[in-house]
Amino acid sequence: MKGFKTALAGEVYREILQIENIYFDIFYSPIKEEETSKVIGVIGMAIDVTESEKFKASLLELDKSKSEFIATASHQLRSPLANIRWGLELLQTDPLVLANPELQKQVESVHESNLKVINLVNNLLDTSRIYSNKLSNRPRKIEIIKELKDLFKNFEREKMRLDLEVLWNIPDELELKVDQNLFKVVLTNLTANAFKYNKKNGAVVVFVKEKKNFIEISIANTGKSIVKDEQAHIFEKFYRGSNVTMEFEGTGLGLYIASNYMKFLG
Amino acid sequence: MRDVTDELRVKRLLAASEQRFRLVVENAQAIIFALSPDGKFILSEGKKLSLLGLKSS
Numbered sequence: 001m002k003g004f005k006t007a008l009a010g011e012v013y014r015e016i017l018q019i020e021n022i023y024f025d026i027f028y029s030p031i032k033e034e035e036t037s038k039v040i041g042v043i044g045m046a047i048d049v050t051e052s053e054k055f056k057a058s059l060l061e062l063d064k065s066k067s068e069f070i071a072t073a074s075h076q077l078r079s080p081l082a083n084i085r086w087g088l089e090l091l092q093t094d095p096l097v098l099a100n101p102e103l104q105k106q107v108e109s110v111h112e113s114n115l116k117v118i119n120l121v122n123n124l125l126d127t128s129r130i131y132s133n134k135l136s137n138r139p140r141k142i143e144i145i146k147e148l149k150d151l152f153k154n155f156e157r158e159k160m161r162l163d164l165e166v167l168w169n170i171p172d173e174l175e176l177k178v179d180q181n182l183f184k185v186v187l188t189n190l191t192a193n194a195f196k197y198n199k200k201n202g203a204v205v206v207f208v209k210e211k212k213n214f215i216e217i218s219i220a221n222t223g224k225s226i227v228k229d230e231q232a233h234i235f236e237k238f239y240r241g242s243n244v245t246m247e248f249e250g251t252g253l254g255l256y257i258a259s260n261y262m263k264f265l266g
Numbered sequence: 267m268r269d270v271t272d273e274l275r276v277k278r279l280l281a282a283s284e285q286r287f288r289l290v291v292e293n294a295q296a297i298i299f300a301l302s303p304d305g306k307f308i309l310s311e312g313k314k315l316s317l318l319g320l321k322s323s
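Going down the list, the sequences are from chains F and U.
At position 260 of the first sequence the residue is numbered 260 (this note's numbering), and the sequence of numbers has no breaks.
One rule links them: number in this note's numbering = place in the second sequence (from 1) + 266.
Everything labelled a hint here was simulated from the structure, so no lab data went into it.
Take the hints with a grain of salt, since some may be wrong.
BS3-like cross-link-like pairs, simulated, lysine-lysine; straight-line CA separation at most 27 Å [stated by the list, open to error]:
| # | chain 1 | residue 1 | chain 2 | residue 2 |
| --- | --- | --- | --- | --- |
| 1 | F | K38 | U | K321 |
| 2 | U | K321 | F | K2 |
| 3 | F | K32 | U | K306 |
| 4 | F | K54 | U | K321 |
| 5 | U | K277 | F | K5 |
| 6 | U | K306 | F | K54 |
| 7 | U | K314 | F | K56 |
| 8 | F | K5 | U | K313 |
Pulled from the structure, derived: some chain F residues nowhere near chain U, Cβ distances all over 10 Å [stated by the list, open to error]:
| # | residue |
| --- | --- |
| 9 | I22 |
| 10 | V39 |
| 11 | I43 |
| 12 | D48 |
| 13 | T93 |
| 14 | Q106 |
| 15 | S109 |
| 16 | N133 |
| 17 | F152 |
| 18 | K177 |
| 19 | G202 |
| 20 | K212 |
| 21 | E216 |
| 22 | F238 |
Using N, Cα and C, we set each Cβ at its ideal position, and we do this for glycine too.
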């Protein structure tokens, strides 16, 4: 009915219509009188697209199963990984380990790998939440500056690794009403990139400023910049810059998650 | 007596033209239809009408 009405109003319209088990791709166009351009009827063409529609439906179904699998798998991996982390952190303080530099190095290395896997699993879980529309937005007042300072404590290791300096250009206090969990993921992913893609003796610059209708937060670094032509792609899933070398392990999911969460938060 | 050569030629051309369009429309692997402004079907053609158990009108 909409197609007919739209065409009668002089516009072309296209729709997929299911009649019983058959799908039609239907085009409606106005028939116009040559001299006056008055619409005197509607002409339409229907093409049988049952095969491709069924194919599309099966792909969507597969995609859904894949997302569910990733969600379940990453969720199930989280608690054993947390257990391993806890155990390793306990080992790091064990007198036997502390007395043996070689063992200490090994434990440290396993701990680092464990953290990488935890990070990867978290990324997968965050991504699957975007896929399955399972994000929930529960805004409440948070103190951003405190949030940022706490967050940066988690990056001490990265900071030491490259001898980085963190420069704060921030007010003393600033409140924002936002979903704390989602916002934290966004800030974490941005901060992680700022630390990861940095250079020796570089800096991470945190800038927070209250504007008229919003709060500007910028987390900048002194690393290699993203190639200009590629900047439009950085929020795409699995996208990684062409100048990112093998030494930087990563999934290409961090900014994808951050931008999707921000969209979700509005 | 009247010379109808031109008249016949035009008629033949029109018939050939109609035949050509009919051939296209009737054999299209689709449904081609036209509706009047009050929503009545004034034409429905094409091989795929059979999918709906219909025949060309």
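Hint check:
1. F:K38 - U:K321: Violated, at roughly 30 Å.
2. U:K321 - F:K2: Holds, at roughly 25 Å.
3. F:K32 - U:K306: 17 Å, holds
4. F:K54 - U:K321: 26 Å, holds
5. U:K277 - F:K5: 37 Å, violated
6. U:K306 - F:K54: Distance ~31 Å between K306 of chain U and K54 of chain F Cα, so the pair is violated.
7. U:K314 - F:K56: 22 Å, holds
8. F:K5 - U:K313: Holds. K5 of chain F to K313 of chain U sits at ~26 Å (cutoff 27 Å).
9. I22: At roughly 5 Å from the nearest Cβ of chain U, I22 of chain F sits no farther out than 10 Å, so the non-interface label is violated.
10. V39: 7 Å, violated
11. I43: Nearest chain U Cβ is 5 Å from I43 of chain F, so the label is violated.
12. D48: 5 Å, violated
13. T93: 74 Å, holds
14. Q106: Since the minimum Cβ distance to chain U is about 69 Å, Q106 of chain F lies beyond 10 Å and the statement holds.
15. S109: For S109 of chain F, whose nearest Cβ neighbour in chain U is about 65 Å away, the distance exceeds 10 Å, so it holds.
16. N133: 35 Å, holds
17. F152: Its Cβ never comes within 10 Å of chain U, the nearest being 63 Å, so this holds.
18. K177: 52 Å, holds
19. G202: Fine: 63 Å to the nearest Cβ keeps G202 of chain F off the interface.
20. K212: 53 Å, holds
21. E216: At about 55 Å from chain U, E216 of chain F clears the 10 Å cut-off, so the statement holds.
22. F238: 39 Å, holds
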